[in-house]
Every structure is written in C-alpha cells, then in structure tokens.
Amino acid sequence: MTIEVKFFASLREQIGRSEARLAASEPLSVAEVWAQATDNAELPVNVLMARNMEYVDSATPVHDGDEVAFFPPVTGG
Amino acid sequence: MTIEVKFFASLREQIGRSEARLAASEPLSVAEVWAQATDNAELPVNVLMARNMEYVDSATPVHDGDEVAFFPPVTGG
Amino acid sequence: MHSEIREQAFEPYAELLQYQQAMQAAGRYGATAVFVGSMRDLNEGESVTAMELEHYPGMTEKYLQRISQHAADHWNLLDSLILHRVGRVEPDDAIVLVAVWSAHRKDAFEASRYLMEELKSKAPFWKKEQTSEGERWVENNTAGY
Amino acid sequence: MHSEIREQAFEPYAELLQYQQAMQAAGRYGATAVFVGSMRDLNEGESVTAMELEHYPGMTEKYLQRISQHAADHWNLLDSLILHRVGRVEPDDAIVLVAVWSAHRKDAFEASRYLMEELKSKAPFWKKEQTSEGERWVENNTAGY
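Chains as they are written, first to last, in the working numbering: chain R, 31 to 107; chain B, 31 to 107; chain W, 9 to 153; chain A, 9 to 153.
Hints listed in this document are in silico derivations from the structure and should not be mistaken for laboratory results. Hints should not be assumed to be uniformly reliable.
Simulated pairs of lysine-lysine, DSS-like, Cα-Cα distance not exceeding 25 Å [to be verified]: (1) A:Lys130 to A:Lys114; (2) W:Lys70 to A:Lys136; (3) W:Lys114 to A:Lys130; (4) A:Lys114 to W:Lys130; (5) W:Lys136 to A:Lys130; (6) W:Lys130 to W:Lys70; (7) W:Lys136 to W:Lys70; (8) W:Lys114 to A:Lys114; (9) W:Lys114 to W:Lys130; (10) W:Lys128 to W:Lys114; (11) A:Lys128 to A:Lys70; (12) A:Lys114 to W:Lys136; (13) A:Lys70 to A:Lys136; (14) W:Lys128 to W:Lys70; (15) A:Lys114 to A:Lys128; (16) W:Lys128 to A:Lys114; (17) A:Lys70 to A:Lys130.
Below, a sample of chain W positions facing chain B; criterion: calculated Cβ distance under 8 Å [to be verified]: (18) Gly45; (19) Asp49; (20) Leu50; (21) Ala58; (22) Tyr64; (23) Lys70; (24) Ile103; (25) Met124; (26) Phe133; (27) Trp134.
One side only, chain B facing chain W, incomplete, derived with CB under 7 Å [said to hold, decoys possible]: (28) Phe38; (29) Ala50; (30) Met83; (31) Pro103; (32) Thr105; (33) Gly107.
Please read all numbers here as calculations on a predicted model, not as lab measurements. We treat Cβ as the ideally placed atom computed from N, Cα and C, and that holds for glycine.
Take these sequences, add in the hints, and give me the full structure.
See below:
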C-alpha cells in the first residue's frame with residue numbers, strides 16, 4: 031500500500047522535506063508511518079498528527095492511499 | 031432650597047411632564063422628592079433614580095440645587 | 009478612548025476604520041473586538057417599523073465615559089470606542105457600536121463584552137417601538153449572560 | 009456561512025460590509041460580533057518586521073468550515089464569516105477576521121469567541137517571524153481564556 035506523508039512548518043525544516051511517499055507491505059499505525067518516513071527519528075512530544083486531514087493520535091491505523099501529516103503546535107489567528 | 035426633577039420615557043408619559051422644580055424648606059430624601067413632585071403617587075417598584083446624574087437609592091438625601099431624575103429600566107444598546 | 013451619542017444614522021464599519029486610522033497605533037494592537045447592535049424589524053413577535061430612542065442628556069454621556077474608563081483600568085487596552093444612536097431609528101440602522109483595541113485577544117473580548125453588558129443594563133436609554141399595533145415602550149433588556 | 013483563506017492583504021471592515029450587504033438579512037440581525045487579529049510589530053520583546061504564514065491546504069479550509077458549522081449548530085446564528093491570511097504578512101495587516109450575525113448578543117458574543125479559540129488552538133496555521141535577530145517560528149499560541 032501507498033501512503034502520502036506531509037510535514038509542515040518547523041517540523042518540515044527539521045526533517046528537511048515537506049513530503050514523502052511510503053510503500054508498505056503491512057498495516058501501519060501513524061507512529062509507524064512517522065518512523066518509516068523519518069528513518070526512525072524520535073516522535074516529538076508536542077507533534078500533531080492528521081490522517082486524511084483529520085486530527086488523530088499516533089496509534090491510529092493507516093490505510094492504503096491515506097495522507098498522513100505531522101506538524102508542530104499551530105499558531106494561526 | 032430648589033430641586034430640579036426630571037422624568038424620562040414611560041414614566042414621563044405616565045406623569046404627564048418631563049420636568050418639575052421643587053422649592054423645599056427642609057431636607058428631603060429622593061423618595062420625598064418623588065412624593066412632592068408627583069402629588070404622592072406611589073413610587074414604582076422598578077423605578078431607577080439618579081441624583082446629579084449618578085444612580086442613588088430612594089433614601090439618599092438631596093441638597094439645594096440638586097437634579098433628581100426618575101426613570102424606568104433602561105433599554106438601550 | 010471615546011464615547012459619543014449620535015443623532016444621525018452612522019455606518020459602523022466606516023466609523024471604525026476612520027477611528028482606527030486616527031489612533032495611529034498601527035502595529036501595536038493585535039486584537040480588535042467589535043460589537044454592533046442593529047435594529048431588527050421584529051420584536052416579541054411583532055413587526056417593528058421604527059423606533060424612538062430617548063436618552064438622559066448629560067447622564068448618558070457621563071455613564072458611557074465611566075464604563076470606558078473602567079474598562080481601561082481593568083483590562084490592558086490601547087483604545088476603545090462607543091457610539092450610540094438616539095432619535096428616530098429605522099430597521100437595519102446601527103444602534104450601538106462598541107470597539108476595543110488591545111495587544112491580546114483576551115482583553116479585547118472581555119472588555120467589549122463588559123462594555124455592552126454595562127451599557128445595556130445601566131446606560132440611560134429607552135426605546136419606544138412603532139409596530140403595526142401602535143407604539144409601545146420596550147420594557148426590559150434581556151441579560152446577555 | 010463562509011470561510012476562506014486569503015493570499016493577499018484585505019481590509020476587514022470593507023470585507024465585513026460587503027459580506028453583510030450580500031447576506032440580505034437586513035432587519036433580522038440585532039447583534040454582530042466581530043474579531044480582527046492584526047500583526048503586531050513587537051512580539052516577546054523583539055521587533056518583528058514581517059511574518060510568513062503557512063497553512064495545510066485542504067485541512068485548514070476543512071477545519072474552518074467545521075468550526076463554522078459547529079457554531080451554527082450550537083448557537084442561534086444568522087450567518088458567520090471567517091477570513092484568514094496566509095503568505096507574507098506585514099505589521100498592521102489583518103491576519104484573521106471572524107464575524108457572527110445573530111438576533112441576540114449572547115449568541116453572537118459566545119460564537120465569535122468560540123470560533124477564535126478553536127481557530128487559534130487547532131486550525132493548521134504556522135507563523136514564522138522575521139525579527140532583527142533573524143527568523144524564528146512562533147512556538148505557541150496563548151490560551152485566550
């Protein structure tokens with residue numbers, strides 16, 4: 031299965047890219063997506079996660095074709 | 031002593047005038063100003079009272095030259 | 009800090025913009041909270057065609073000035089503006105404009121609400137509505153909380 | 009009910025007036041509560057000369073739409089408007105406009121505050137400030153309550 035991964039803001043700069051595409055042979059959680067997309071970097075404590083543009087937590091399962099995003103605390107408004 | 035009395039809104043219409051001038055020979059409270067200015071009409075329960083444009087209660091003493099106003103609950107904004 | 013009684017109709021957003029530009033506080037306020045009260049054409053189930061807004065000249069101005077000062081003392085504000093209409097008012101006319109400028113939103117939100125609640129509960133204004141059934145004094149302002 | 013991301017500077021009060029006229033709800037709203045967030049030229053003690061506002065295209069719009077719908081479900085509203093800027097922003101520019109129209113002030117006040125608090129705490133936007141000391145990501149939005 032294929033998973034689109036996105037990084038935003040300071041996290042994008044730390045990781046050095048804004049997008050990644052994972053090809054996985056078995057079901058993954060959001061945390062496992064992070065690990066595979068970042069060469070097992072540590073998941074930052076305050077990171078926010080979304081699957082298909084909805085907030086989720088790191089244990090949420092990810093499906094083929096999903097878009098998973100990681101970003102720091104938001105600072106709009 | 032001379033006291034200026036004012037009535038506003040529905041109270042003005044009930045009483046039939048917007049202003050009165052009292053000449054009193056002895057110290058008066060706001061309640062006594064009302065009684066003298068209205069021929070002893072009953073003080074409405076929800077009436078608001080001001081002396082020199084500051085909210086007061088009916089027991090507040092009134093002095094020579096004061097302006098005393100009576101009006102119904104406010105409905106601005 | 010300014011408060012004013014208006015005898016003529018005013019366009020609240022044009023007033024806001026003009027006042028804000030004259031403040032010369034560009035870059036210092038991060039938060040502007042605004043409330044506009046407008047005349048509805050329906051009240052308590054009846055169609056209202058116009059309204060006469062009475063006030064207590066002198067006391068009303070003093071009261072608006074006092075609540076503005078209280079807000080400035082209590083919250084961290086850069087400026088505030090209150091405009092309130094009197095006289096004959098028609099549906100959709102602005103009745104009241106309250107605006108508060110602050111560095112931060114908490115102060116702006118709280119102060120604008122404080123000003124409106126104080127104004128509605130204590131500033132000496134009275135509304136007389138003209139409805140299809142004739143004239144009637146509005147008897148009570150609802151509490152906003 | 010409308011929410012929108014803007015890539016160009018906007019004048020909030022002109023936008024408000026235009027949106028309100030297009031609503032064709034004259035006489036039905038008695039209360040309009042508005043919040044405008046503007047860029048300050050000072051943050052955490054440092055002079056800020058410009059800001060880059062990033063968002064998550066798709067999710068941000070969806071989130072703004074969702075909180076607008078939630079507000080409409082929870083309070084008695086006639087309409088609401090959210091505009092939020094992205095891209096390069098300069099001091100005094102409007103960053104966000106939130107406006108809520110209701111028959112009564114309680115709903116307007118509460119819903120406008122709800123929208124701002126939700127937007128600040130969860131809508132995916134990020135600010136990078138340019139200061140005299142270089143660039144820095146803003147790390148946290150303060151809680152507004």
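Practice problem: Could you tell me which of the hints above the structure violates, numbers in ascending order? | Solution: Going through the list in order, the structure violates hints 2, 5, 19, 20, 21 and 29 and respects the others.
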